[in-house]
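K.L.:
In order, the protein sequences belong to chains A and U.
Residue numbers for the first sequence follow our numbering, beginning at 1 and rising by one.
Residue numbers for the second sequence follow our numbering, beginning at 1001 and rising by one.
In case anyone wonders, no lab produced these hints; they're calculated from the structure.
Positions of the beta carbon are idealized from the N, C-alpha and C atoms, including for glycine.
A few of these clues could be false.
[What the hints assert, rightly or not] Just some of the chain U residues that point at chain A, by a computed CB distance under 7 Å:
#1 L1043
#2 H1045
#3 L1048
#4 R1050
#5 S1051
#6 G1059
#7 A1078
#8 A1081
#9 A1082
#10 A1085
#11 F1088
#12 G1098
#13 N1100
#14 F1104
[As the list claims (entries may be wrong)] These stretches of chain U come out as covered by chain A in the derived footprint (C-beta under 8 Å, 3 or more residues):
#15 1008-1016
#16 1036-1042
#17 1105-1111
[To be verified] Below, simulated DSSO-like cross-link-like pairs (lysine-lysine); rule was C-alpha separation at most 27 Å, straight line:
#18 U:K1026 with A:K40
#19 U:K1056 with A:K38
#20 A:K53 with A:K40
#21 U:K1070 with A:K40
#22 A:K19 with U:K1070
#23 A:K22 with U:K1111
#24 A:K53 with U:K1070
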Amino acid sequence: DTEVTQTPKHLVMGMTNKKSLKCEQHMGHRAMYWYKQKAKKPPELMFVYSYEKLSINESVPSRFSPECPNSSLLNLHLHALQPEDSALYLCASSPSEGTQYFGPGTRLLVL
Amino acid sequence: SQQGEEDPQALSIQEGENATMNCSYKTSINNLQWYRQNSGRGLVHLILIRSNEREKHSGRLRVTLDTSKKSSSLLITASRAADTASYFCATALPSGGGGNKLTFGTGTQLKVEL
């Protein structure tokens, strides 16, 4: 299995909702990532997990809460988001340093 | 910010022609990677070139790296309509605890017309 899967593909939520994005990989990669991408812009790193521990938080607001329950799963919990948080959220994994493998993304719309 | 600049921002060519995209960055790197993205979906890794390498080939792709000028180029030869996509360079540094921190360039939108 050489792919990263993300669910859901699309998500619409209100500013008072709580939702979660899920990411899964079965390539044995020990590093996993969350990126945010606005339209016509490059992806921006949000979080890095290595060996199930958070190693980088790029000063992301606390309304985004990452979780790595095990080496194959990565979640991003969303609470009290703002309309400007609407974006494509991309998950990736890598075997430590080197190539990152990206999932197809979750397109999030905050109303 | 280490974010790289890519040029051109947009490139339109005819099928069969070559496409060249350039990337400049600001700080020292471990490696530089190129990714392709179709229609705002996931990114696909194309090629990785390490800081001690100067040129690398993969199929129709040729990447160069000049660390003294902090620049890289991606050449796609004999382009096809299916190459239409956005192309991003990304500079990589270790994240400290494992994994690596990618910083993406601004991207080049390539359109290959029949």
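K.L.:
Hints first: check each against the structure and report whether it holds.
P.N.:
Evaluated hints:
Given hint, U:L1043 at the interface with chain A, holds; its Cβ is 4 Å from that chain's nearest Cβ, closer than 7 Å. Interface restraint check for U:H1045: the shortest CB-CB distance to chain A comes to about 5 Å, inside 7 Å, so the restraint holds. Evaluation of the U:L1048 hint against chain A yields a held restraint, the C-beta minimum of about 6 Å falling below 7 Å. Using the Cβ-Cβ criterion of 7 Å, the hint placing U:R1050 at the interface with chain A is not satisfied: the shortest such distance is roughly 10 Å.
At about 12 Å, the closest approach between the beta carbon of U:S1051 and any beta carbon in chain A exceeds 7 Å, and the interface hint on this residue is violated. Given the 7 Å rule on beta carbons, the hint for U:G1059 is violated: about 16 Å separates it from the nearest Cβ of chain A. For U:A1078, the suggested interface contact is broken, since its CB lies about 25 Å from the closest CB of chain A, more than 7 Å. Because the smallest distance between the Cβ of U:A1081 and any Cβ of chain A comes to about 21 Å, over 7 Å, the interface hint for this residue is violated.
Nearest Cβ of chain A to the Cβ of U:A1082: about 18 Å, over the 7 Å cut. The hint is violated. Annotation: U:A1085 was flagged as interfacial toward chain A, and the flag is violated, the nearest CB pair being 13 Å apart, outside 7 Å. Restraint check, U:F1088 versus chain A: the minimum CB separation of about 6 Å is within 7 Å; hint holds. Checking U:G1098 against chain A: minimum C-beta separation of about 3 Å stays under 7 Å; hint holds.
For U:N1100, the interface hint holds, since its Cβ comes within 7 Å of a Cβ in chain A; the closest pair sits about 4 Å apart. A cut of 7 Å between beta carbons decides the hint on U:F1104: the least distance to chain A is about 4 Å, and the hint holds. Check on the segment 1008-1016 of chain U: 0 of its residues sit with their Cβ under 8 Å from a Cβ of chain A, so the three-residue criterion for coverage is violated. Interface restraint, the segment 1036-1042 of chain U with chain A: holds (3 residues with C-beta to C-beta distance below 8 Å; minimum three).
Residues of the segment 1105-1111 of chain U lying with their CB closer than 8 Å to a CB of chain A number 3, which satisfies the three-residue condition for coverage. For the suggested pair U:K1026 and A:K40, the alpha carbons sit about 22 Å apart, so the restraint of at most 27 Å is met. For the hint pairing U:K1056 with A:K38, the CA-to-CA distance comes to about 31 Å; that exceeds 27 Å, so the pair is violated. Proximity of A:K53 to A:K40 is assessed by CA-CA distance (about 31 Å); at most 27 Å being required, the pair is judged violated.
In summary, the hint linking U:K1070 to A:K40 is supported, as the alpha carbons are separated by about 24 Å, within the 27 Å threshold. Annotation: proposed proximity of A:K19 to U:K1070 is violated, straight-line Cα distance about 41 Å (limit 27 Å). Restraint check: the Cα-Cα separation between A:K22 and U:K1111 comes to about 32 Å, which exceeds 27 Å; the hinted pair is violated. For the proposed pair A:K53 and U:K1070, the alpha carbon gap of about 32 Å is over 27 Å, so the pair is violated.
Hints 4, 5, 6, 7, 8, 9, 10, 15, 19, 20, 22, 23 and 24 from the list above are not met by this structure, while the remaining hints are.
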